[in-house]
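Chemist: Residues per chain, in single letters:
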Amino acid sequence: MHIPDGILPAQVCAAGYAITGLATWYSLRQINSRPDPTAEIPKASLLTAAFFVASSIYIPVPPASVHLILNGLLGVMLGYFAFPAILIGLFFQALVIGHGGITTLGVNAAMMGIPAMLAYHIFQSRHTLGKVLTEPTRTGLFAFLGGTLGLGIAALIFLALIIFNIPAELDAGAERAAILALSIAHVPLALIEGLFTAMLVLFVRRVKPELLEG
Amino acid sequence: MGVASHDTYLHRESVIHRWSPRLKLVSLLVLMFAFATVRQPILIPWMLGLAVGLYLLSGLPLAFLGQRLSYPGLFVLALVVLLPLTVGDTVLGQWGWLTLRQEGLEATLLIVGRFLSILTLGFILLGTTPFLTLLQAMRSLGLPTILADMTLLSYRYLFEIAAMLATMQQAMGLRGFGQGRQRWLRVNSQALQQLAMLAGNLLIRSYEQSERVYKAMRLRGYGYGVKRPKPSLADQPSPLSWGLAGGVLAAAVGLVVAEGLLRP
Numbered sequence: 000m001h002i003p004d005g006i007l008p009a010q011v012c013a014a015g016y017a018i019t020g021l022a023t024w025y026s027l028r029q030i031n032s033r034p035d036p037t038a039e040i041p042k043a044s045l046l047t048a049a050f051f052v053a054s055s056i057y058i059p060v061p062p063a064s065v066h067l068i069l070n071g072l073l074g075v076m077l078g079y080f081a082f083p084a085i086l087i088g089l090f091f092q093a094l095v096i097g098h099g100g101i102t103t104l105g106v107n108a109a110m111m112g113i114p115a116m117l118a119y120h121i122f123q124s125r126h127t128l129g130k131v132l133t134e135p136t137r138t139g140l141f142a143f144l145g146g147t148l149g150l151g152i153a154a155l156i157f158l159a160l161i162i163f164n165i166p167a168e169l170d171a172g173a174e175r176a177a178i179l180a181l182s183i184a185h186v187p188l189a190l191i192e193g194l195f196t197a198m199l200v201l202f203v204r205r206v207k208p209e210l211l212e213g
Numbered sequence: 000m001g002v003a004s005h006d007t008y009l010h011r012e013s014v015i016h017r018w019s020p021r022l023k024l025v026s027l028l029v030l031m032f033a034f035a036t037v038r039q040p041i042l043i044p045w046m047l048g049l050a051v052g053l054y055l056l057s058g059l060p061l062a063f064l065g066q067r068l069s070y071p072g073l074f075v076l077a078l079v080v081l082l083p084l085t086v087g088d089t090v091l092g093q094w095g096w097l098t099l100r101q102e103g104l105e106a107t108l109l110i111v112g113r114f115l116s117i118l119t120l121g122f123i124l125l126g127t128t129p130f131l132t133l134l135q136a137m138r139s140l141g142l143p144t145i146l147a148d149m150t151l152l153s154y155r156y157l158f159e160i161a162a163m164l165a166t167m168q169q170a171m172g173l174r175g176f177g178q179g180r181q182r183w184l185r186v187n188s189q190a191l192q193q194l195a196m197l198a199g200n201l202l203i204r205s206y207e208q209s210e211r212v213y214k215a216m217r218l219r220g221y222g223y224g225v226k227r228p229k230p231s232l233a234d235q236p237s238p239l240s241w242g243l244a245g246g247v248l249a250a251a252v253g254l255v256v257a258e259g260l261l262r263p
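Which chain is which? The protein sequence lines are A and B, in order.
Quick note on numbering: numbering that gives the first Met the number 0 labels position 194 of the first sequence as 193, and the sequence is numbered without any gaps.
Quick note on numbering: numbering that gives the first Met the number 0 labels position 178 of the second sequence as 177, and the sequence is numbered without any gaps.
Since the hints were made in silico from the structure, they are not lab data.
Only true hints are included.
Residues from chain A shown here face chain B by an in silico Cβ test under 7 angstroms; the list is partial:
(1) I6
(2) L46
(3) T47
(4) A48
(5) I56
(6) V60
(7) L94
(8) V203
Restraint ranges, calculated between C-beta atoms of paired labels, are given here:
(9) V25(B) / Q10(A): 19 to 27 angstroms
(10) T98(B) / V206(A): 52 to 60 angstroms
(11) G175(B) / A173(A): 46 to 54 angstroms
Quick look at which bits of chain B chain A covers, simulated, 3 or more residues with Cβ under 8 angstroms:
(12) 28-34
(13) 143-149
(14) 191-199
(15) 212-223
All residues carry an ideal CB built from backbone N, CA and C; glycine is no exception.
Isolated chain A, as found in the complex (with noise of 0.2 angstroms):
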């Protein structure tokens, strides 16, 4: 789910930069104040590396396969270094496979960066449920929101951007109807997005609690 080069005009693509340049001043001013900022700065990087192997696992959907592409997670378990991540794991991504590419980069980090951040504020909104439900309970629901959020809306900008830029002579009733039955089709993968993150995120904190306090 990545623009590559070529498909949007130099316009979106120098707006998608300005965008990812005001989200990425935005967090690095979250984390710059904090007490020890570069106490983080190793576990947000190797966790990088980690949500970047880790997209390339498949779910067997036979006969075929989804690959995940976990920016609600790393949202939910980063924090407000899931934007700075995300940029950077995009960029591996241009570099290593061609994946995505170079003018499209802060489009691309825009679409997945900022529901990532909005997945982080969902997550962390589960406090505010009180004892309504048990604390497992609602660790495991706020993960599944923030996954399946964080993925159908990056998908939702993805569909709007190829749609309204690609076609020469589309008329408005088709882009609407290939907008809705492409968002359609979206709805599963959404949800199973939001179902491993919900059920990695309770293996992590039955194993390793401190993981989820970013």
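Based on the hints, put chain B in the right spot on chain A.
Modeler: Same frame as chain A, now just chain B:
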């Protein structure tokens, strides 16, 4: 995902290899954006010609480009393959139910032309500049320290973590993972749980390793506020570097101006 392959740098004795990294990065990025502005089909051969010319100057083998274009090329092809058959009113030819349309064909040529040209420039940049030199050039151009440190550390451990995942997946396979009967279009919840635990284990192992890495870095003075020397790209750009940068930037400006003049 091919994360097992290392640096994309290929050593050669070309002018592009000798080009100052900072000037090369800025010039090629500007040219990539100039390519992204192209909308007139008449400019496609010029754009491709510039990319091919620079690639020939770089001395990189054709196989290098061929290998790296195949994966993203398939992705772009999947996105645009239907355009010449579905978009536009001007019919160029008809074979039974297949209709080739001019507007769709032009849009496809434009997207594929821009994609090939931009990607070729990207591979010239990476094939002629070692990753660490590229990062140093980015730092000297103002990349924030946190981003530079994170990029370096992630890159340092990326391949180690990829090898760790491969070992874990092999161990799962040897213990029978994925051998059972699978129903079509169904996600096996047990398999999903096991894969979530696999990814969770990978994250936990990476986290534990990061704690050891941090302690080692602290012992070497990391985070004590020691002022780091500004990355010295000691090599002051040579006249050749300035000349190349000037030529590439002039080509970029020329393309943008031509696009503006040709636009109806």
